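Numbered per the numbering used here, the sequence shown spans residues 77 to 188.
To be clear, the hints were calculated from the coordinates, so they are not data collected in a lab. Note that this is a predicted model, so its numbers are computed, not measured. Just so you know, not all the hints are guaranteed correct.
Pairs of lysine to aspartate or glutamate, DMTMM-like flavour, derived with a Cα cap of 25 angstroms [stated by the list, open to error]:
1. LYS173 to ASP82
2. LYS184 to GLU94
3. LYS85 to ASP183
4. LYS169 to GLU94
5. LYS85 to GLU115
6. LYS174 to GLU101
7. LYS168 to GLU101
8. LYS169 to GLU115
9. LYS95 to ASP82
10. LYS169 to ASP124
11. LYS168 to GLU94
12. LYS129 to ASP142
13. LYS88 to GLU101
14. LYS168 to ASP82
15. LYS156 to GLU94
16. LYS174 to GLU115
17. LYS129 to GLU106
18. LYS134 to GLU180
19. LYS169 to GLU101
20. LYS184 to GLU106
21. LYS169 to GLU106
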Amino acid sequence: MDIEKDAYKIIKHRHITEKTTMLQELQNAESSASLKRFELPKYVFIVDQNANKPQIAKALESIYSDLNVRVMSVNTLNVKPKSRRVRGRSGKKSAFKKAIVTFEKGDKLDNV
């Protein structure tokens with residue numbers, strides 16, 4: 077098996093929301109003393125539901141090998157499916173798995 081092909085099966089895409097953008101910008105925050113202690117950059121990715129933490133770390137390091145990033149820690153959480161109604165019909169949003177990845181100090185993913 078090719079590790080690059082497997083890496084792109086494990087990491088689906090980067091999850092960009094207002095909350096995740098605030099999380100990644102905490103390393104640059106200088107507004108209060110409690111925010112200054114966040115020195116390590118954190119990014120959020122949508123990953124395969126069967127992937128574990130070491131697999132996620134290896135996949136990210138191989139995908140971003142040109143940026144020479146190093147994964148310090150991976151926290152994962154499973155988001156449950158939610159029921160929705162569209163035009164009177166009920167349905168569900170599908171479940172997914174998120175990974176909050178902490179990189180080494182000074183590493184960052186630009187233009188991603």
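(request) Starting from the hint list further up, note which numbers the structure goes against and sort them upward. (result) Checked against the structure, the hints that fail are numbers 5, 7, 8, 9, 14, 17, 19 and 21, while the rest are satisfied.
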